[in-house]
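K.L.:
Going line by line, the protein sequences match chains A and B.
Under my numbering, the residue at position 193 of the first sequence is numbered 193, and the numbers go up by one with no gaps.
Under my numbering, the residue at position 166 of the second sequence is numbered 166, and the numbers go up by one with no gaps.
Rather than coming from a laboratory, the hints here were simulated on the basis of the structure.
You may find that some hints are simply not true.
DEER-style ranges, computed between Cβ atoms [stated by the list, open to error]:
id	chain 1	residue 1	chain 2	residue 2	range
1	B	S4	A	K175	25 to 31 Å
2	A	G71	B	Y185	42 to 48 Å
3	B	L136	A	E241	35 to 41 Å
4	B	D124	A	P295	30 to 36 Å
5	A	P69	B	L278	18 to 24 Å
6	A	A304	B	S131	46 to 52 Å
C-beta atoms are modelled at their ideal positions from N, C-alpha and C, and glycine is treated no differently.
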Amino acid sequence: MTITKLLAGAALALGLATSAVAQDKTKVGFVYVGPVGDGGWTYEHDQGRLAVEAHFGDKVETTYVENVPEGADAERVMTQMALQGANLIFTTSFGYMDPTINVAKKFPNVKFEHATGYKTAENVGVYSARFYEGRAIQGTIAGHMTQSNVIGYIASFPIPEVIRGINSAYIHAKKVNPDVQFKIVWAYTWFDPAKEADAAKVLIEQGADVILQHTDSKAPQAAAQAAGNVYTFGQASDMAEFSPMPRISSIIDNWAPYYIARTQAVMDGTWESDNTWDGIGPGMVGIGEITDVVPAEVKAEALALKDAIAKGEYHPFTGPLNKQDGSPWLADGETADDGTLAGMNFYVEGIEGEIPQ
Amino acid sequence: MDLSAISPALLLASLMVAATPILIAGIGELVVERAGVLNLGVEGMMITGAICGFAITIETGSPAVGFVAAAVGGALLSLLFAILTQFALANQVASGLALTLFGLGLSSLLGQEYVGLKPAQTPDLHIPLLSDLPFLGTVLFSHDVMVYFGLALVAAVWAVLKYTRVGLVLRAVGENHDAAHALGYKVVRIRVLAIMFGGACAGLGGAYISLIRVPQWTEGMTAGAGWIALALVVFASWKPWRVLLGAYLFGGVTVLQLNLQAAGLAIPVEYLSMSPYLITILVLVIMSADRSRAPGSLGRVFHASG
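Generate coordinates for the entire structure from the input sequences, incorporating the hints supplied.
P.N.:
This is how it looks when you write it as structure tokens:
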């Protein structure tokens, strides 16, 4: 037996072995923008991953890479995962949109799921949660709770998802408190605790007594706690350790059911590119406990709003609504369509400042 | 736009807080580089200091003990770098990068149990009379002790480097290690001590973030502050007071741009966001137009046989 034959035989055996393993185990990869321990956005995605493991046991193998920058580096990580035999890859940040599409082209047999984006392909599906539904409830509570009528908002990047949140919170705060004013700070990061803390402190110094955040760490909660009489909301995760004050409620992402369903679809061979956008109704968006710091009637109003949204009786973007420049957007009773919401790049009337373009 | 919403006193006060982590880490790295060693592991040592300080503060309830632990943690990690580069003669750039990666991983491992806890508060000093002064009292005399420690450290490093024999020897080692060796100075020993000093400072800087500025433990929470500190040293032309200037500029513009955003200033946010980096680099580059240069032996491997 020559060495070449021996090698070929070994390679064949290896190939058989790996394909055998690949057949009885579905490999699922996750790409995270922050650390698993951020206590917010990435933490909840990882809870989803753990739920997949718990649900399927030995039938799946999950891997994840955390702290992956949005951009070329993400492409490298996804390629690596695909080469290592992943069958399904979840890419969990908006900035992974183009990298996901690029890598998906090279690996037509691997399924990709991109969170919060809008570009799909044969083997790329997108999914997102209707956070803005939760923001409507936050806005209602915030509008009631503010004494100074100044609500601070720590925004991350000027993308539709963040802008929708600002608009939804503003519309509902304004509805219960016509004098309310939003101060918006763009942090240009998803995760930088020191910067988020600075932003929160600045907003508090400038009179805000309710802070909403669209960044991933708990630093703003700590800053609010240090300041004393400032209210916050848990972002993406419950952040319950800061309740009952300053955290008076939260928006919780629950990715587990979706991740399990999509993994199942890959196992069954029924996976198809989809565009899932679920909210409070199907349970992808949860509202964390509203603490006793909030007056009972405000709590009841918030919960009623939650029920109405869950049942589909109320849409957070219901006319009459104008755009910031005063031009009409939605007529009385008209609701926003998903296409407009997905690409939202304008403030509604009443919000001050400009969206960075 | 409502600029009256910005309080100059609070702005200047938060400037000092925002600048302190990079100031302390930067001044430590300055000493390391003046000794001729380039340690790119500042970020890793900062985050390790952040978790060491945080964990020990939780366990003992004393931020003071926590800060000491942070310095020890940072110094221990830097010892690893010292062994690699001074005894195993490994490449300093690669070892420093490895140290950052290692520090990030180690800190998340150490931090598993500490997510979501709250550390004991570090009290702000209240100096009778001085703290009660209008404006100046808020700006200068009502901070936590670490802010003043950072300032004192800059002064001490400057004085030691400029006026003492120890400083002279350290600079000699950094400028020309062969000549220093020929004169009988223990190049490796001096460098190891400098590296450990740098590690301790980075650890303190990191702990300042986890114990005072944020205060909580989150993985990866230094989020690049170590790299800023590294860059500061270079742009400050290896001069202590310029590191102070750079750190305050950076901290100041960072806080100012958030303030301007919140006040609704009509400057595009992108420009405001990049302004801390831009202004700091610009000022320090203009200042370094004099004949200052890097230490002669910076980043070069030393072996007594050479």
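K.L.:
Which earlier hints turn out false for this structure, listed by number in ascending order?
P.N.:
Hint check: nothing fails, all pass.
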